[in-house]
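Modelling step: build the complete structure from the supplied sequences, incorporating the hints.
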Amino acid sequence: MIEMKSIKKTYDTGSVSFDALKGIDLDVDKNEFIAIVGPSGSGKSTLMNLMGCLDTPTGGEYMLEGNRVETLSSNQLAEIRNRRVGFVFQAFNLLPYATAYENVELPILYAGLKHKERKRRVTELLGKVGLADKMANKPTEMSGGEMQRVAIARALANNPQLILADEPTGNLDTASGGEIINIFEELWRDGRTVIMITHDTNIAKRCQRLIRLKDGRIDTDNGNGNGNGRH
Amino acid sequence: MNPSIIFSVFSRDFKRQRKRMLLTLVAILWGTMSIMLLLAYGEGMKQQFSKNSKGLGDGIVILWGGQTSKPFMGFGKGRRIHLHSEDVDYLKKRMPELDVVVGEYIRWGVQVRHGKKLISERVNGLYPQYETIRNFIPEMGGRMINQLDMDLKRRVAFLGNDTKDRLFGPDIPPEDVVGETIYLNNTPYTVIGVMRPKIQMGSYQGQDSDVIAIPFTTFFAIFGDPYLDNMIYKPREFDNMAGIEKRVFEVMGAKYRFNPTDDRALSTWDIVESAKVTGNIMIGIQLFLGIIGGLTLLIAAVGVTNIMYVSIKERTREIGVKMAVGARKIYILAQFVIEALGITFLGGLFGMAAAYILTELFKIAPIESQVLDFMGRPTVSLEIGITVTVILGILGFMAGLFPAMKAASINPTEALRYE
Chain A
0 MIEMKSIKKT YDTGSVSFDA LKGIDLDVDK NEFIAIVGPS GSGKSTLMNL MGCLDTPTGG
60 EYMLEGNRVE TLSSNQLAEI RNRRVGFVFQ AFNLLPYATA YENVELPILY AGLKHKERKR
120 RVTELLGKVG LADKMANKPT EMSGGEMQRV AIARALANNP QLILADEPTG NLDTASGGEI
180 INIFEELWRD GRTVIMITHD TNIAKRCQRL IRLKDGRIDT DNGNGNGNGR H
Chain B
0 MNPSIIFSVF SRDFKRQRKR MLLTLVAILW GTMSIMLLLA YGEGMKQQFS KNSKGLGDGI
60 VILWGGQTSK PFMGFGKGRR IHLHSEDVDY LKKRMPELDV VVGEYIRWGV QVRHGKKLIS
120 ERVNGLYPQY ETIRNFIPEM GGRMINQLDM DLKRRVAFLG NDTKDRLFGP DIPPEDVVGE
180 TIYLNNTPYT VIGVMRPKIQ MGSYQGQDSD VIAIPFTTFF AIFGDPYLDN MIYKPREFDN
240 MAGIEKRVFE VMGAKYRFNP TDDRALSTWD IVESAKVTGN IMIGIQLFLG IIGGLTLLIA
300 AVGVTNIMYV SIKERTREIG VKMAVGARKI YILAQFVIEA LGITFLGGLF GMAAAYILTE
360 LFKIAPIESQ VLDFMGRPTV SLEIGITVTV ILGILGFMAG LFPAMKAASI NPTEALRYE
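Here the protein sequences line up with chains A and B, keeping their order. Residue numbering for the first sequence follows numbering that gives the first Met the number 0, beginning at 0 and increasing consecutively. Residue numbering for the second sequence follows numbering that gives the first Met the number 0, beginning at 0 and increasing consecutively.
Here are the simulated DSBU-like pairs of lysine-lysine, each with C-alpha atoms no more than 35 Å apart in a straight line:
| # | chain 1 | residue 1 | chain 2 | residue 2 |
| --- | --- | --- | --- | --- |
| 1 | A | Lys7 | B | Lys328 |
| 2 | A | Lys115 | A | Lys29 |
| 3 | B | Lys92 | B | Lys53 |
| 4 | B | Lys312 | A | Lys133 |
| 5 | B | Lys328 | A | Lys133 |
| 6 | A | Lys115 | B | Lys328 |
| 7 | B | Lys53 | B | Lys197 |
| 8 | B | Lys328 | A | Lys137 |
| 9 | A | Lys213 | A | Lys29 |
| 10 | A | Lys118 | B | Lys312 |
| 11 | A | Lys113 | A | Lys29 |
| 12 | A | Lys118 | B | Lys328 |
| 13 | B | Lys50 | B | Lys152 |
| 14 | A | Lys133 | B | Lys18 |
| 15 | B | Lys405 | A | Lys118 |
| 16 | A | Lys21 | B | Lys405 |
| 17 | B | Lys18 | B | Lys312 |
| 18 | B | Lys115 | B | Lys197 |
| 19 | A | Lys115 | B | Lys405 |
| 20 | B | Lys312 | A | Lys113 |
| 21 | B | Lys405 | A | Lys4 |
| 22 | A | Lys118 | B | Lys18 |
| 23 | A | Lys29 | B | Lys328 |
| 24 | B | Lys18 | B | Lys405 |
| 25 | B | Lys197 | B | Lys362 |
| 26 | A | Lys21 | B | Lys328 |
| 27 | A | Lys127 | B | Lys328 |
| 28 | B | Lys275 | B | Lys92 |
| 29 | B | Lys245 | B | Lys152 |
| 30 | A | Lys113 | A | Lys133 |
| 31 | A | Lys115 | A | Lys137 |
Treat the hints as calculated values from the structure; they're not laboratory data.
Rendered as structure tokens:
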């Protein structure tokens with residue numbers, strides 16, 4: 000599903016340039032459940048943004064589901080973000096003025112589906128994350144766990160096979176954090192690929208594969224025979 | 000790009016920004032109202048001027064004698080050319096392209112008496128056609144000189160409304176004057192009508208309201224002036240006034256033996272040409288007013304741009320989220336452009352409505368003023384509406400475009416980090 004070859008990302012702010020990623024080689028198969036850990040500044044979020052086509056690498060090759068990402072136009076990247084990748088953020092990143100329903104509807108709207116089909120999907124998704132009764136609520140009227148579940152429903156809106164979560168439990172208490180991880184686990188059991196950044200070793204332990212980043216490189220990787228991790 | 004996506008997202012975003020949008024709306028409303036009212040003022044003025052300039056007559060050329068400036072056929076230059084009464088028929092016969100040809104005698108300082116009132120006035124000998132070509136319209140109860148008066152050389156007089164006031168007093172209604180006898184140099188004339196007051200911008204040899212008009216034939220029989228003071232012609236078509244004038248010079252030149260290219264042999268005043276000049280001045284004034292109004296609207300549009308920029312800053316995260324879930328750049332771009340256009344058009348619509356209501360109210364307002372007689376009352380026309388709409392469209396688009404380009408160029412990862 001994901002093939003990365005010596006991926007580099009350099010942030011250049013005129014006088015100062017900063018190498019966030021210094022050469023990442025990574026293969027991810029279908030239906031993996033991966034935790035990415037590492038100290039802050041090790042490049043976890045940068046890597047995740049590249050995986051989700053939110054950003055483009057400054058070097059290396061990235062194949063996502065058979066597409067050479069470097070060659071894609073900004074519209075094609077937008078379409079990948081819309082249909083093939085689902086993002087879940089630590090800060091939820093819901094539109095604050097929009098209801099749960101409208102937040103989940105947004106990606107389906109951009110996919111160009113008709114109102115009737117949108118309604119069917121949004122209702123189904125919010126039901127799946129247990130928020131059928133909170134559809135008309137705005138994020139400000141919800142708890143952190145509920146907001147994150149709305150965000151997950153939104154990530155699933157166009158039924159992507161790859162779910163990327165950047166510290167999804169970072170702003171949550173243990174109980175609601177646990178619920179969120181349960182949902183991710185369920186998504187993985189449904190056959191999706193789930194990649195998650197986390198600081199919580201307990202959560203990391205529940206994942207099938209653990210990738211540790213350090214200084215913009217993969218330090219250890221316990222899966223997929225890359226040869227540089229624990230097996 | 001799918002327009003329904005853009006519209007759906009826009010209608011959702013609009014709801015939450017009511018207050019900000021409302022304030023911007025008011026700015027646009029004000030700007031639109033300003034430009035509309037200024038243009039309406041110009042339009043009213045233009046219409047009034049065109050109405051006023053028709054007081055003298057519409058589409059006519061006034062012709063009078065001159066002095067040659069070129070030697071011709073053995074004659075030296077500086078020879079006076081006078082028009083004669085037979086020239087009216089002479090010109091009419093040779094130039095079928097002329098609809099009307101008439102002549103006019105003028106005599107100043109004629110003693111005019113009614114009862115014990117004795118004043119010195121100007122008397123004109125005229126053709127009946129002055130009723131239509133020079134707007135000598137009689138008040139109710141009276142009439143203008145007619146062909147029978149001409150044929151019978153009747154001693155009848157048609158009075159300008161000011162002459163009537165001087166002779167009979169302003170309190171006497173015009174219809175009561177009809178049938179009265181007045182004396183011109185001690186010859187009795189019957190008053191047959193009084194001119195309906197009109198606004199007259201241009202004039203030659205006095206205002207029409209001061210006229211005492213008697214039939215052309217009567218004038219000649221009584222006073223026996225050897226020369227015509229003026230001739231007036233009105234062509235059937237107005238698109239070749241210069242060509243017709245050239246032909247008139249050829250025809251008259253043949254009779255009086257002057258060089259047809261000698262433009263000083265006869266003097267002319269082309270009302271159509273003058274009207275064109277006045278029209279251009281009016282367009283200039285309207286343009287000027289439009290620019291002032293446009294600048295007012297521009298300031299409002301800058302306000303819109305400003306608010307859009309602020310709104311982008313506030314919504315950076317939102318833009319990031321939208322991009323993360325798959326919004327194309329064009330959707331972000333369109334969102335801001337449409338928002339700006341939406342505000343502009345909504346404000347513009349209200350502004351137009353306000354301006355329209357104001358001008359309509361002003362139209363029915365019972366204000367009597369000489370200034371209004373000349374300046375007219377503000378009038379909204381379809382052209383003004385279209386002009387303002389186009390200006391609004393351009394300004395709204397520009398107001399939205401630059402903020403929108405900035406918004407669409409935001410990097411989604413940075414936008415998501417933005418607090």
